[in-house]
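K.L.:
Take the sequences, apply the hints, and build the full model.
2 protein chains.
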Amino acid sequence: MVSSPFLSLRMEALRDVLRENKLEAYLLTNLSDVYYFTDFKTEGYYAFIGLQDAWLFVPSLLFQQTKAHTSGFECIQGTFFPSLQKVTKAHKIKKIGFDPDQLDYSLGAALKKMGFIPKRGLVTQLRAVKDALELDRMRRANHLAALGADFVKKRLKPGRTERSAAADLAHFFNKKSDGVAFDLIIAAGPHSSHPHHVTSDYKMKAGEPVICDIGAMVEGYRSDLTRTFPLGRISPSFQRVFRIVEKAQNEGICRIKPGVTAGSVDEAARNVIKKHGFGKEFVHSTGHGVGIDIHEHPRLGPGAKDKLKAGMVITVEPGIYIPGRFGVRIEDTLLVTPFGSEILTR
Amino acid sequence: MVSSPFLSLRMEALRDVLRENKLEAYLLTNLSDVYYFTDFKTEGYYAFIGLQDAWLFVPSLLFQQTKAHTSGFECIQGTFFPSLQKVTKAHKIKKIGFDPDQLDYSLGAALKKMGFIPKRGLVTQLRAVKDALELDRMRRANHLAALGADFVKKRLKPGRTERSAAADLAHFFNKKSDGVAFDLIIAAGPHSSHPHHVTSDYKMKAGEPVICDIGAMVEGYRSDLTRTFPLGRISPSFQRVFRIVEKAQNEGICRIKPGVTAGSVDEAARNVIKKHGFGKEFVHSTGHGVGIDIHEHPRLGPGAKDKLKAGMVITVEPGIYIPGRFGVRIEDTLLVTPFGSEILTR
Chain C
1 MVSSPFLSLR MEALRDVLRE NKLEAYLLTN LSDVYYFTDF KTEGYYAFIG
51 LQDAWLFVPS LLFQQTKAHT SGFECIQGTF FPSLQKVTKA HKIKKIGFDP
101 DQLDYSLGAA LKKMGFIPKR GLVTQLRAVK DALELDRMRR ANHLAALGAD
151 FVKKRLKPGR TERSAAADLA HFFNKKSDGV AFDLIIAAGP HSSHPHHVTS
201 DYKMKAGEPV ICDIGAMVEG YRSDLTRTFP LGRISPSFQR VFRIVEKAQN
251 EGICRIKPGV TAGSVDEAAR NVIKKHGFGK EFVHSTGHGV GIDIHEHPRL
301 GPGAKDKLKA GMVITVEPGI YIPGRFGVRI EDTLLVTPFG SEILTR
Chain L
1001 MVSSPFLSLR MEALRDVLRE NKLEAYLLTN LSDVYYFTDF KTEGYYAFIG
1051 LQDAWLFVPS LLFQQTKAHT SGFECIQGTF FPSLQKVTKA HKIKKIGFDP
1101 DQLDYSLGAA LKKMGFIPKR GLVTQLRAVK DALELDRMRR ANHLAALGAD
1151 FVKKRLKPGR TERSAAADLA HFFNKKSDGV AFDLIIAAGP HSSHPHHVTS
1201 DYKMKAGEPV ICDIGAMVEG YRSDLTRTFP LGRISPSFQR VFRIVEKAQN
1251 EGICRIKPGV TAGSVDEAAR NVIKKHGFGK EFVHSTGHGV GIDIHEHPRL
1301 GPGAKDKLKA GMVITVEPGI YIPGRFGVRI EDTLLVTPFG SEILTR
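So the sequence lines, in the order shown, correspond to chains C and L.
Heads up: the first sequence runs through residues 1 to 346, numbered per the numbering used here.
Heads up: the second sequence runs through residues 1001 to 1346, numbered per the numbering used here.
You may find that some hints are simply not true.
Cross-link-like lysine to aspartate or glutamate pairs, in silico, EDC-like; alpha carbons within 16 Å at most [stated by the list, open to error]:
hint: 1; chain 1: C; residue 1: Lys95; chain 2: C; residue 2: Asp53
hint: 2; chain 1: L; residue 1: Lys1175; chain 2: C; residue 2: Asp183
hint: 3; chain 1: L; residue 1: Lys1176; chain 2: C; residue 2: Asp201
Over 12 Å on every C-beta distance to chain L, these chain C residues come out as not near it, computed from the model [to be verified]:
hint: 4; residue: Asn21
hint: 5; residue: Glu43
hint: 6; residue: Phe81
hint: 7; residue: Asp104
hint: 8; residue: Arg120
hint: 9; residue: Gln125
hint: 10; residue: Val180
hint: 11; residue: Asp183
hint: 12; residue: Leu184
hint: 13; residue: Gly232
hint: 14; residue: Phe238
hint: 15; residue: Phe242
hint: 16; residue: His297
hint: 17; residue: Ile330
hint: 18; residue: Pro338
These are computed hints drawn from the structure, not numbers from a lab.
Heads up, the beta-carbon is just placed ideally off N, CA and C, and yes, glycines get one too.
P.N.:
Take a look at the structure:
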């Protein structure tokens, strides 16, 4: 289950970052950050990585399981805080960093009092560029999302509820993978004008669009794909908006290559929409990184300065939302390649 | 959709708590806390409740939706931090509390710098006692969990994978409700010895037990129920352990009434298990509150001093886990009534 060469490389990469930041250890309090280094995904245990050794702080409830499913760490059973103090004292570890965005204020304040140093984003940066093991999982998760889009498209019918279509699609994903990547969005008719609609008992109608924002999880890695399907014959105004969003997505995708800023991909997509007079109706960023979490570094929003790197996996998902009437969003997930990009959601 | 009399009462209850704590306003940064006051559940927006007025800070992405689905709040569109500063300045609000356990260290530190006061658990305490609207949802969610237990029991068969049984049950819940309350646990054979097993492709075998830890979500409220089903004829040692856990659960349940401590319920259940020599194999608390979140106040663990109150909804779920061999857990969700308790998971 654990592909330890990859895990060792990830740990060595973090140690390099620690040395650059003059840190002797880093405390990992975020479920996804811990999973990245252990390949064992469950809530409730923390990782502590020093320059030589590494530990997991595990409550009794999870101890047997965690010991069985991890390697390269010493598992310490018991209450987190005393265990942490014991290890830092016994190994004389002094300069310890933690991510201030990945733990609650109470814990962060207690660590700060102990002399721990807030250093945001060290693991976030590492996780943004996927290694071969991660890419394999991302490819499978995104391929499954594409199969899911075909599956759900056939099940969109006038009179059917959003909920029932979403339930069938979730079943499709649950049988074939670790499950859904997020609460699947099936937004029909006027609901399509809410970018983050909560799937409801609304019955689909002929002549209305249905936005399907879907994804599966394969070995802990998530996929993300959106299609806007028209149900039967649909208005010319919808068709016009659809073509604008399609063009915007295309322009965004064409801009992707290593070295360009995340903001410039947003700009390329947004300019198409602005030019057609729908700038105010595009109410979110053009995209985001995706991996263990559904939203990861980098954010592809206005002015984002982060440079794209080969190996990043990002979404491009412009949308136009006409309040009370309808919306269109088209989203694919792409791998940044050395010379451009590759669409994974197919 | 919104039952505003209940929401107004909840807000008035919080205002009473604010006055007791000499606060003029409270910032709500936790999804479930915000939902409690708005009845609109979606990630990404915050609530700010003063003694007279109340506001929601909403990103553009969610603005139309939030405005349409909430009442009793002024919705403010835009970036959170500047919006918050504007409101506190315009309304001259000074003594503002926030929950240090419900936001990240970065945000907490920024608020602290602005003079905000960390005050934990004000909403947690309110949420622990359910009102009639909440109880209606909890009853339906827990009844659905009981139906789910019957549904999945019929689908546990030698040769079937844990994953396929879990997928069918999730489909059952997804069609009838907002979905699953948490990642459903189907833990067969030796996996049953891991209290928080991650459902896998393991194939069930005759003569082995299967732990099913399941729950559904009805209008944002979660249910929680565990059954341990033997697959065909099963060993006397399993039967013995099963009867001990059953007895422990019974003893715990019999102890429940308003005024007793949460710890005494744990003690009653734990003593049965200890007496039979399995104290070390009961590696978790006896139960927890449940509602909008799957784990809520109070915790029913050793020494917990919180007193039970009528209207609390709690689980009683002792377990015995023999590493590498098998485990047994039996869990029901109960309402604390004026004179005892009522099992909701039936």
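K.L.:
Of all the hints numbered above, which does this structure not satisfy? Sort the numbers upward.
P.N.:
5, 7, 8, 10, 11, 12
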